[in-house]
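Residue numbering for the sequence shown follows the working numbering, beginning at 50 and increasing consecutively.
It is possible that some hints are incorrect.
Stated by the list, open to error - Below are the BS3-like pairs computed for lysine-lysine, each with C-alpha atoms no more than 27 Å apart in a straight line:
id	residue 1	residue 2
1	Lys205	Lys267
2	Lys101	Lys85
3	Lys148	Lys67
4	Lys148	Lys59
5	Lys53	Lys131
6	Lys325	Lys267
7	Lys104	Lys59
8	Lys133	Lys101
9	Lys398	Lys104
10	Lys101	Lys136
11	Lys53	Lys142
12	Lys148	Lys101
Claimed, not checked - What follows is a set of in silico ranges between Cβ atoms, one per label pair, in the way DEER data are often shown:
id	residue 1	residue 2	range
13	Pro147	Arg272	42 to 48 Å
14	Gln358	Arg98	47 to 53 Å
15	Tyr371	Ser285	47 to 53 Å
16	Tyr271	Lys81	36 to 42 Å
17	Pro263	Asp386	38 to 44 Å
18	Arg360	Glu312	39 to 45 Å
19	Tyr271	Ser238	37 to 43 Å
Treat the hints as calculated values from the structure; they're not laboratory data.
We treat Cβ as the ideally placed atom computed from N, Cα and C, and that holds for glycine.
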Amino acid sequence: MFQKLEDVEKRFIEITEKISDPEVISRQNEWKQLMKEHAELEPIVLKFREYKKVKNDLEESKEMLEDPELKELAEAEMLEAKEKLPKLEEELKILLIPKDPDDDKNIICEIRAGAGGDEAALFAATLFRMYSMYAERKHWKLDILNENETGLGGYKEISFMVTGKGAYSRLKFESGVHRVQRVPDTESSGRIHTSTATVAVLPEVEDVEIELNPADIKMEVYRASGAGGQHVNKTSSAVRLIHEPTGTVAECQTERSQLQNREYAMKMLRSKIYEKEREKRDKELAQERKSQVGHGDRSEKIRTYNYPQGRITDHRIGFSIYQMEDFLNGNLDEMIDNLITADRAERLKGEE
Numbered sequence: 050m051f052q053k054l055e056d057v058e059k060r061f062i063e064i065t066e067k068i069s070d071p072e073v074i075s076r077q078n079e080w081k082q083l084m085k086e087h088a089e090l091e092p093i094v095l096k097f098r099e100y101k102k103v104k105n106d107l108e109e110s111k112e113m114l115e116d117p118e119l120k121e122l123a124e125a126e127m128l129e130a131k132e133k134l135p136k137l138e139e140e141l142k143i144l145l146i147p148k149d150p151d152d153d154k155n156i157i158c159e160i161r162a163g164a165g166g167d168e169a170a171l172f173a174a175t176l177f178r179m180y181s182m183y184a185e186r187k188h189w190k191l192d193i194l195n196e197n198e199t200g201l202g203g204y205k206e207i208s209f210m211v212t213g214k215g216a217y218s219r220l221k222f223e224s225g226v227h228r229v230q231r232v233p234d235t236e237s238s239g240r241i242h243t244s245t246a247t248v249a250v251l252p253e254v255e256d257v258e259i260e261l262n263p264a265d266i267k268m269e270v271y272r273a274s275g276a277g278g279q280h281v282n283k284t285s286s287a288v289r290l291i292h293e294p295t296g297t298v299a300e301c302q303t304e305r306s307q308l309q310n311r312e313y314a315m316k317m318l319r320s321k322i323y324e325k326e327r328e329k330r331d332k333e334l335a336q337e338r339k340s341q342v343g344h345g346d347r348s349e350k351i352r353t354y355n356y357p358q359g360r361i362t363d364h365r366i367g368f369s370i371y372q373m374e375d376f377l378n379g380n381l382d383e384m385i386d387n388l389i390t391a392d393r394a395e396r397l398k399g400e401e
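Kindly generate the complete structure, drawing on both the sequences and the hints.
Below you can see the structure in the form of structure tokens.
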């Protein structure tokens, strides 16, 4: 580990010199890439330098022990340094865990009603509202890309984009099947129903990251539609893109312009194909895949929202929260922080 840290520090010093070089600054793309790498390495280097200072203080304290007048001070400093070192080592191990390259990206999210008919569609709407309010708390921008509403105010499906730094790093743990247990408004006898909705969180992918052959993409246009005549267009502005080699479909109908809808559908298509490729890669590393909390399998039941008990339980980490209303109003950080901690612990185990 320490050899790796020495190499990181060496690289950091090298980059620090380069980003001040006028010749490198003139090559904007290279300079931006170096600045990004510099920002990623800085917290590791600062922590490593703190570790080295504490270790050096410990050695100096040992030498001070020989002086009777300084012995008491030396013992206190040694005790403090010995307490600090294991904590710093642990923090360095965590900082050295390879970062998910998609963490800083925007996301495209799809919520689909699962088992449970109208109640499942209403639950999909509840989840959409929850993520909308979370995005608002984080000062992220949310744009609806596609929606298929039901007459009761639910969604058979809804797709949206969240734009904001670190959106994927926080929301990637939401992928999977969400289950709700509650008495539906439509139930007169007061029986508790169980319904599901599937959430898929995809990182937004740039065209340089995944190349698509335009000849492989079939475009269909149609009139936008919605429940009760909402969003109905007289022109065919809604766009459906089909990637024929993989059968992947992406739709967008919320913009008035066909060009804008095509642009959003293209973003969604790239993200879906990128995710399929990543899932394939993850399966090849099956053991590592199992040890990670993130990138939840869409068929995996990840969380239950139990209304009668006011409890939300995440089954991957066995963690429950009992503030249902607060949680559904977008206060997700406690749950997400626990998922990040669990994922980090598993990945740390894998690294060792």
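>> Name the hints, by number, that the structure is in violation of.
In response: none
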